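> Take a look at the letters that make up each chain.
Protein chains: 2
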Amino acid sequence: MLQTDKELLEIAKKCKQASRRVARLSTAVKDEALHAMAAQLEKDRELIFAANAIDVKNGKDKNLSPAMIDRLVLNDLRISGMAGALRDVASFHDPVGEMSDIRTRPNGIQVGKRRIPLGVICIIYESRPNVTSDAAGLCLKAGNAVLLRGGSEAFHSNKAIVESLHKALKTTGIPPEAIFFVPTTDRSALTGLLKCDDYIDLVIPRGGEGLIRFVAENSRIPVIKHYKGVCHLYVDKDANEEMAINLLLDGKTSRPGVCNALETMLVHQDVAETFLPKAAVVLRKKGVEMRGCTATRNILPEVAEATEEDYYAEYLSLIIAVKVVKNYEEAVNHIEKYGSEHTDVIVTDSLKTSQVFIRDVNSSVVAVNASSRFSDGGELGLGAEIGISTTKLHAFGPMGLEALTTRKFVVTGDGQTRHDIKW
Amino acid sequence: MLQTDKELLEIAKKCKQASRRVARLSTAVKDEALHAMAAQLEKDRELIFAANAIDVKNGKDKNLSPAMIDRLVLNDLRISGMAGALRDVASFHDPVGEMSDIRTRPNGIQVGKRRIPLGVICIIYESRPNVTSDAAGLCLKAGNAVLLRGGSEAFHSNKAIVESLHKALKTTGIPPEAIFFVPTTDRSALTGLLKCDDYIDLVIPRGGEGLIRFVAENSRIPVIKHYKGVCHLYVDKDANEEMAINLLLDGKTSRPGVCNALETMLVHQDVAETFLPKAAVVLRKKGVEMRGCTATRNILPEVAEATEEDYYAEYLSLIIAVKVVKNYEEAVNHIEKYGSEHTDVIVTDSLKTSQVFIRDVNSSVVAVNASSRFSDGGELGLGAEIGISTTKLHAFGPMGLEALTTRKFVVTGDGQTRHDIKW
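Keeping their order, the protein sequence lines are chains A and B. Residue numbers for the first sequence follow our numbering, beginning at 1 and rising by one. Residue numbers for the second sequence follow our numbering, beginning at 1 and rising by one.
Bear in mind the hints are in silico, worked out from the structure with no lab data behind them. A portion of the hints provided could be inaccurate.
In this list, chains with the same sequence are indistinguishable; a pair is considered to hold if it fits within one copy or across any two.
What the hints assert, rightly or not - Mimicking DSS-like on lysine-lysine, the simulated pairs with C-alpha atoms at most 27 angstroms apart in a straight line are:
#1 422 to 278
#2 352 to 408
#3 14 to 167
#4 228 to 6
#5 57 to 43
#6 352 to 326
Note that the structure is predicted; figures quoted are calculated from it, not measured.
Working from the sequences, and respecting the hints, build out all of it.
Have a look at this one:
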C-alpha cells in the first residue's frame, strides 16, 4: 500500500516520464500493443477470475447491493467484451499528429495546429473493473500515459487486469509505467494524487456524484466531469405524435438507469389534450409512473402531482415528470432551470422552432427528432467513450479519443523575425 | 463596495442571465455594439482621464514603480488604441454558430458540432485599464457575458471605462449586466467570486505570478492561466548561422520584457566553436549579458557561469542563459526540464531534425526557423488575444475568440430511436 504524498508524487513523476515515450510511438506500435493487450486478457482470464472472486466474496461480506455485485462480476462474456473493446480502439483513427488550420501569414510564416497527447491522465473510478482496460486502451491510443485509481470493491480484479496488460506491454517496448495502477484505495491517497499538478494533466472521475464532487473540490489538476443527466423531451405543438411516442419510449424505457435516459417530458399546451392521453396509455403499458403538473392532472386525473424536486430529479428508473408548457419559451426556460446541460430533445416538424431550439438550449447534446439515447460516444461516431463532460471547457458531451488530446501551434518559416534586425 | 459572498453570487447570477441574451445576439448587433462602444470611449475621454488622474495620484502616493505608473496612465493615444481594438474585434469573424464535423450515421441521424459561447467569463487583472475594454469586446463578440474584476490601482479608471461602455450598450438593447464591473478590489471578494461555479464558466487571471497562483489555488471554476515564458532557441548543428543570429536578436532584444522573449539559447556542440563567438559579438553590441555552461565558457572565457537557477529563469531583461548541448536529444531534454511549455524555437536546415523537434517539444508554440516573438494571437492570425494558456486543457497557447467558445453536439433525425420500439 502506498500512502504518503511523496510516494504518490514519485508515481506521478514516473508516469510523466513514461508519457513522453508514449507520445512518440507510431500508430502501428500502439495498435500492435492494443491487440497484444486484448490477447493477453483472454489468455489470463482464469487468473483474473480468481482475483475477481476475492472481490466478489468481499463485496458479499460487506453486503453490497445485488446491482453493485453485478457490476463487479467478471465472466467469459465480460472478458471478451474488454478484449473486443481494445481491438475496437486499435481500429480507430489515431488523432495524434493531425495537422489542421494551416495558413500562411502575410510575412510567409506558416502557422498550423498539431494534435498532441495531453500527457498523463488520471482516471478515478468505482466498481466496474472493465473501466481498467477500457481507459488504458483509450489513453494509450491517444498517446497518453494513464494513472488508474479504481475503487476498493474491485481492487484485486483491477490489479490482475493491469498485471495482464503489463505482460502484453513487455513484448512491445512500451514502459509499464504508461499504464500505472495506483496500489491503494485510501481516500487520503486520492487527495495526494490530486495535488500532483506538475505531473498529471487531467483527472476524469467516473462514478457516483459523491466521488465526483470529492474529486472536483480537492483537485489542483483540471477535472472533466459530469454529475448527472436530467434529460428532457419537449413535444412541440408541431410535433409528429407517433414520433414523439417512439422517442419517449426509447428515451425512458430502453435503459432507464443510464444518464442519457429521459427524466422529464414537456408538452406544448396546444397538443397536450390529444397527446397526453395517448402517451399515458403506452407509458402505463410499459410500467412507467407519470408525475405531472396541474395542467397534466386536469387531462390525466390519475397522475400524481409533480413537486419541484421531481423536475430536478434524475430518477434512473421507470418514473417520468411531465409538464404542460404555454409555449416554446417556457419549455426552454424549464430546461435552463432544471436541466443538467447533458442532453435535450425537441420533437417538431417546424423548421424555425427546431433552429431556435438548437441555438437556445445550452446542453452538450441537443437533438431534433432523435432519441436522447444517441448521446453516447459510439452512437455519435466518436468510436468509444472515455466519459461525458457537462463542463463546457475542453470537451462538452461524450468524449472520445480526440478529447484526450490537445493542439499546439506549429510555426515554420525561413528566418522571419517580428522586427527588422540590424547587427 | 460589495463584500459578502451572497452579494457576489447575486452579481454572478445576473451576469449568467444576461449571458443567455448575449448568446442569442446576431453578429450584426454585436458588431454594431462594438462600434458604439468604441465611439463612446472616444467621446468620454475627458471623463476617463479625470478618473485615471485619481488612480495615478493614488499610485504615486503609494510609491508605485515608474513602470507600474506607466502601465496605469491613459492618454489620447491609449484611448484611441482601446477604441481601435474594439473596432478590430468587430471586423473579426464571429465564431458562434459555426457548424463543423457534420456526418450522417448509418441509421440516418445527422451529427455535427456547433460552436457556442461559454456563458460567463470572469477576467481578473491587475494594473492595465485597457484590459477592461479589450476583454469586454472579445467576450461580447464571442457571445459571452463578462465579469471584470480589475486591480485596486486602476479602480477609478476601470469604473469610468465600464460606465462609458454601458452608455454605448443602452442604444443596442444589450443588457448592462453583459459587461459587469465588480465594484470591489478586496481579495476576500475575489475568493467569493471564485466559488460561483454555478454561474461563472471560466476564469482568466492576467497579471503577476502571485495573482495567478492565488486564483488557481482558490477557484472552483475552471481557470486558464500561464505563469511564465521560459522560451528557448536551439541552434542545431545544421543551423544557418546568420538566421540563428537574426532569430536570437529578435527574440532576445526586440522586447525583452514580454513572455515570448527568449531566455535561454542551446547550441549544438558541433557548431558552438564557430557560432558562439559571432553571437557573443552581436549580443554584446546590443547590451545583452550572457551566462553560460562550462563548455560555453571554454569558448568565451569572459562569460559568467550559469547556475541551475539561470536555466529556470524568466529574466524579462537583457540577460540570456547559454548551454552547449551534445546532441538533439540533450536539447529537447533541457527544454522539457527547464521550459515552461510556452514557446520554443529550433534553427535547422535539416528536415528530419525539424520534424522530430515539432513532434517532441510539448510547448504551446513550437517554431522552426521563425522567431519566438510570433507567439502572439495577432501574429498567429487569431485576430486578437485574450491571453495565453500553458494549461493544455481547452486552449493551449495564444487564445483568440475561438478559445472563448465551446462546441455542443447537434443531432437531427426524423424519428430515429436507438432500439426498436413496440407500443
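> Now tell me, hint by hint, if it's right for this structure.
Structure-based check of all given hints:
no. : hint       : verdict
1   : 422 to 278 : between (82 angstroms within a copy, 14 angstroms between copies)
2   : 352 to 408 : between (39 angstroms within a copy, 19 angstroms between copies)
3   : 14 to 167  : within (19 angstroms within a copy, 56 angstroms between copies)
4   : 228 to 6   : between (34 angstroms within a copy, 26 angstroms between copies)
5   : 57 to 43   : within (23 angstroms within a copy, 77 angstroms between copies)
6   : 352 to 326 : within (18 angstroms within a copy, 66 angstroms between copies)
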